[in-house]
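Protein chains: 2
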Amino acid sequence: MSALFGSCIIGQSGGPSAVINASVYGSIKAALDSGCITKVYGAANGIRGVLEERLYILDEENAAELELLKYTPSSALGSCRYKIAPPEIDDTDYKRILEIFKKYDVRYFFYNGGNDSMDTCSKISKYMAESGYECRVMGIPKTIDNDLVETDHCPGFASAAKYIATSFMEVYLDAHVYDVGMVTIIECMGRHAGWLTAASSLASEMGQGPDLIYLAERVFDMDKFLADVGRIYRDKGKCLIAVSEGIQYADGTFVSMAESSVTDGFGHAQLGGLAAILAAIVKEKTGAKVRSVEFSLLQRCAAHVASLIDIEESFLAGKTAVIAAVNGKTDMMVGFDCDRTNGYSCATKLIKLSDVANCEKKVPDEWINADGNGILRPYIDYALPLIQGETKLSKENGLPRFARLKKIQAK
Amino acid sequence: MSALFGSCIIGQSGGPSAVINASVYGSIKAALDSGCITKVYGAANGIRGVLEERLYILDEENAAELELLKYTPSSALGSCRYKIAPPEIDDTDYKRILEIFKKYDVRYFFYNGGNDSMDTCSKISKYMAESGYECRVMGIPKTIDNDLVETDHCPGFASAAKYIATSFMEVYLDAHVYDVGMVTIIECMGRHAGWLTAASSLASEMGQGPDLIYLAERVFDMDKFLADVGRIYRDKGKCLIAVSEGIQYADGTFVSMAESSVTDGFGHAQLGGLAAILAAIVKEKTGAKVRSVEFSLLQRCAAHVASLIDIEESFLAGKTAVIAAVNGKTDMMVGFDCDRTNGYSCATKLIKLSDVANCEKKVPDEWINADGNGILRPYIDYALPLIQGETKLSKENGLPRFARLKKIQAK
Numbered sequence: 001m002s003a004l005f006g007s008c009i010i011g012q013s014g015g016p017s018a019v020i021n022a023s024v025y026g027s028i029k030a031a032l033d034s035g036c037i038t039k040v041y042g043a044a045n046g047i048r049g050v051l052e053e054r055l056y057i058l059d060e061e062n063a064a065e066l067e068l069l070k071y072t073p074s075s076a077l078g079s080c081r082y083k084i085a086p087p088e089i090d091d092t093d094y095k096r097i098l099e100i101f102k103k104y105d106v107r108y109f110f111y112n113g114g115n116d117s118m119d120t121c122s123k124i125s126k127y128m129a130e131s132g133y134e135c136r137v138m139g140i141p142k143t144i145d146n147d148l149v150e151t152d153h154c155p156g157f158a159s160a161a162k163y164i165a166t167s168f169m170e171v172y173l174d175a176h177v178y179d180v181g182m183v184t185i186i187e188c189m190g191r192h193a194g195w196l197t198a199a200s201s202l203a204s205e206m207g208q209g210p211d212l213i214y215l216a217e218r219v220f221d222m223d224k225f226l227a228d229v230g231r232i233y234r235d236k237g238k239c240l241i242a243v244s245e246g247i248q249y250a251d252g253t254f255v256s257m258a259e260s261s262v263t264d265g266f267g268h269a270q271l272g273g274l275a276a277i278l279a280a281i282v283k284e285k286t287g288a289k290v291r292s293v294e295f296s297l298l299q300r301c302a303a304h305v306a307s308l309i310d311i312e313e314s315f316l317a318g319k320t321a322v323i324a325a326v327n328g329k330t331d332m333m334v335g336f337d338c339d340r341t342n343g344y345s346c347a348t349k350l351i352k353l354s355d356v357a358n359c360e361k362k363v364p365d366e367w368i369n370a371d372g373n374g375i376l377r378p379y380i381d382y383a384l385p386l387i388q389g390e391t392k393l394s395k396e397n398g399l400p401r402f403a404r405l406k407k408i409q410a411k
Numbered sequence: 412m413s414a415l416f417g418s419c420i421i422g423q424s425g426g427p428s429a430v431i432n433a434s435v436y437g438s439i440k441a442a443l444d445s446g447c448i449t450k451v452y453g454a455a456n457g458i459r460g461v462l463e464e465r466l467y468i469l470d471e472e473n474a475a476e477l478e479l480l481k482y483t484p485s486s487a488l489g490s491c492r493y494k495i496a497p498p499e500i501d502d503t504d505y506k507r508i509l510e511i512f513k514k515y516d517v518r519y520f521f522y523n524g525g526n527d528s529m530d531t532c533s534k535i536s537k538y539m540a541e542s543g544y545e546c547r548v549m550g551i552p553k554t555i556d557n558d559l560v561e562t563d564h565c566p567g568f569a570s571a572a573k574y575i576a577t578s579f580m581e582v583y584l585d586a587h588v589y590d591v592g593m594v595t596i597i598e599c600m601g602r603h604a605g606w607l608t609a610a611s612s613l614a615s616e617m618g619q620g621p622d623l624i625y626l627a628e629r630v631f632d633m634d635k636f637l638a639d640v641g642r643i644y645r646d647k648g649k650c651l652i653a654v655s656e657g658i659q660y661a662d663g664t665f666v667s668m669a670e671s672s673v674t675d676g677f678g679h680a681q682l683g684g685l686a687a688i689l690a691a692i693v694k695e696k697t698g699a700k701v702r703s704v705e706f707s708l709l710q711r712c713a714a715h716v717a718s719l720i721d722i723e724e725s726f727l728a729g730k731t732a733v734i735a736a737v738n739g740k741t742d743m744m745v746g747f748d749c750d751r752t753n754g755y756s757c758a759t760k761l762i763k764l765s766d767v768a769n770c771e772k773k774v775p776d777e778w779i780n781a782d783g784n785g786i787l788r789p790y791i792d793y794a795l796p797l798i799q800g801e802t803k804l805s806k807e808n809g810l811p812r813f814a815r816l817k818k819i820q821a822k
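These protein sequence lines map, in sequence, to chains E and Z.
When you line the first sequence up against my numbering, it's residues 1 to 411, in that order.
When you line the second sequence up against my numbering, it's residues 412 to 822, in that order.
Hints may contain errors.
As the list claims (entries may be wrong) - Some, not all, of what chain Z presents toward chain E, calculated at C-beta under 7 Å:
no., residue
1, P427
2, Y493
3, A576
4, M580
5, H715
6, N738
7, G739
8, T741
9, D742
10, Q799
As the list claims (entries may be wrong) - Heads up, simulated BS3-like pairs for lysine-lysine below, C-alpha to C-alpha not over 27 Å straight-line:
no., chain 1, residue 1, chain 2, residue 2
11, Z, K763, E, K395
12, E, K283, Z, K494
13, E, K406, Z, K649
14, E, K349, E, K406
15, Z, K514, E, K392
16, Z, K740, E, K289
17, Z, K818, E, K289
18, E, K411, E, K29
19, Z, K772, Z, K740
20, E, K238, Z, K817
21, E, K83, Z, K773
22, Z, K649, E, K407
23, Z, K803, E, K395
24, Z, K817, Z, K514
25, Z, K700, E, K83
26, E, K83, Z, K694
27, E, K83, Z, K514
28, E, K39, E, K103
29, Z, K817, E, K236
30, Z, K822, E, K236
31, E, K362, E, K406
32, Z, K506, Z, K537
33, E, K238, Z, K818
34, E, K407, Z, K772
35, E, K392, Z, K817
36, Z, K494, E, K406
37, Z, K494, E, K236
38, Z, K806, E, K411
39, E, K224, E, K329
40, E, K407, Z, K647
Quick caveat, the hints were computed from the structure, so don't treat them as lab data.
Backbone N, C-alpha and C fix where the C-beta goes; we use that ideal spot for every residue, glycine too.
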């Protein structure tokens, strides 16, 4: 195989994470070092930046600022939630992408995102192949939800998990200071998969975790929930609860939707967070003082408490995608194979994009307790190695010094 | 003056903070080293533990665990919100306290808390003096709200401020990734004083702060607020807003109460957080996508991002109270005198408890901009030195290793 010379475009898509920029930095660094990638472009706002010809010249960024990307949260290049149509229905976007690729001599396309992004990646890859335009397309996984299949875990998950476990420990201590009863309900992200909510169980390893954990994987039963809470509250005077935003009733309706007209004692309806809704219900049924906390955006952007393992693996995923492409691979996503039998080790592997796109991995049923209100040992053994090590984030003025890119636009 | 031999009781009161235990550790250490304090008791749940004879023998705790208190959030001894009656109205509690003090030969009482706690402290001090029972009573300040008078600042404020500034920077990056419009509203604690909300301006020093800041100190005008948001949203497509939970209309009603029947597009009323209420209003008026975040308990317990300056000063405050009492002082609170003219330096001072009790210090009007939607340089110069330095919190399993006390009860 002869070397393929040409430019590359790197793009980010979907919800940001604390470490998605570490992957981008891995890709940029490998591209600059590749010897055959002649120009490194960043797509502004993912595939939309390609369609709208908004490309940043990453070669012209300051090397030290680029390195800070490793510790900078959110998507430095900008993101999008644009879903590309199948080419057989509408090929407008694909033609435009091909036009841009030709104009900038793009022979490598790296796309960093979750399920939907791998689908975009897969479609572009196929279209380029069918068009006879040689362009190597690689997916780099990213999702705090940890729901991509075929990989042990996803970059971004561990840092969010570390934030959640740390915050649970801190709230646990806060929720136990008064000698009066108190129920505290904390809502974690996860529309369909409970990986993040389950991370609250890591706090229990340190003796400061939740009493009850409800994942989106199990059918939610309000009566049973209230009985669980009531029992623990009676026994201990306190009850700390972790709940996935995506819990559903047996008929498939989201609890947050079904109960959105629940009213508090004043006749006010509760909307917004699931935690606030459950708090109103628990308060009404038990008379207990109840507080709700929603981690909201904080759990996906808290770079100051990112996992070093996650940072390094994210960097590795971005780098591996470039090296593999330079070596002739295309139409693949980088994944992880991990071994936890004797310490923890992680190796990269390549997975066909079509095997990943639009699939969803949930927490295995046997990792959840029979009552559906707790997490079992296998999850702890799985997740604990991933949250090890502390970020090397630089500080200035006692605050994070995040990367500041020049973002020089290509003409 | 001859040395006063006897036991001491240390208590914690009011809302917890990330560093209140650092003060307690300072007091415990100084008491153990004092040479005249013969026994160190901790009151379970503040003054309630005294009244109910629930005392922990702190002499019997492991020294290494005690040291971890420096980095452990929340109130390790437990807290209370018990308001003691004036003795002229009802002296039952005072008689009981005197009884317990005599029984345990308590000659030193150290109370760690905010406004109300200094009031409790002051009343006990007076009662003991009038009863002819020699007991030295000292207050140790604590409040994330930073609203105690006569001291430059309060232990606990800086760590909460650091958490808020750090989280604002992270959310700023998160809120700017998409190329679609977005308004983000973040609610900070502060019922009457805006010190914490103003800390969001520290993030602006790093280029990643809010566009608009509304403190409880200024009258809130909904029309002006909507005009401010609309203007910035039209200009930039994004708007990041910091708001004190305690903002009020001109007639003194809390916005969160006055607008609690605001409905969203579905006719659902919004209750709970002020941020959620404002989000519903902004969404209705501007049509923009709006997200709300409430820092809630997280801002007062986030020890993992505590300020080292705050930790050391809190420790110093606790230690100084004990040393001063041993040297004959009583009826005082430890405060700080700070100099920012040539770097930052902080010295302790003693303030009469009656000068502090029940008073409230607000953000100076001249530190807020004329429009009442931003913070000026003097606040930055005041607060920035306080958030410097990182906690030395130990980690285990990639998570905080907080203090675990034995809490052996005195008989």
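Going through the hints against the structure:
no.	hint	verdict
1	P427	holds, 5 Å
2	Y493	violated, 9 Å
3	A576	holds, 6 Å
4	M580	holds, 6 Å
5	H715	holds, 5 Å
6	N738	violated, 31 Å
7	G739	violated, 33 Å
8	T741	violated, 27 Å
9	D742	violated, 27 Å
10	Q799	holds, 4 Å
11	Z:K763 - E:K395	violated, 38 Å
12	E:K283 - Z:K494	holds, 25 Å
13	E:K406 - Z:K649	holds, 20 Å
14	E:K349 - E:K406	violated, 33 Å
15	Z:K514 - E:K392	violated, 53 Å
16	Z:K740 - E:K289	violated, 40 Å
17	Z:K818 - E:K289	holds, 26 Å
18	E:K411 - E:K29	holds, 23 Å
19	Z:K772 - Z:K740	holds, 25 Å
20	E:K238 - Z:K817	holds, 20 Å
21	E:K83 - Z:K773	violated, 50 Å
22	Z:K649 - E:K407	holds, 19 Å
23	Z:K803 - E:K395	holds, 15 Å
24	Z:K817 - Z:K514	holds, 23 Å
25	Z:K700 - E:K83	holds, 19 Å
26	E:K83 - Z:K694	holds, 25 Å
27	E:K83 - Z:K514	violated, 74 Å
28	E:K39 - E:K103	holds, 13 Å
29	Z:K817 - E:K236	holds, 18 Å
30	Z:K822 - E:K236	holds, 23 Å
31	E:K362 - E:K406	violated, 39 Å
32	Z:K506 - Z:K537	holds, 13 Å
33	E:K238 - Z:K818	holds, 19 Å
34	E:K407 - Z:K772	violated, 45 Å
35	E:K392 - Z:K817	violated, 35 Å
36	Z:K494 - E:K406	violated, 57 Å
37	Z:K494 - E:K236	holds, 25 Å
38	Z:K806 - E:K411	violated, 49 Å
39	E:K224 - E:K329	violated, 51 Å
40	E:K407 - Z:K647	holds, 17 Å
The earlier numbered hints that this structure contradicts are 2, 6, 7, 8, 9, 11, 14, 15, 16, 21, 27, 31, 34, 35, 36, 38, 39.
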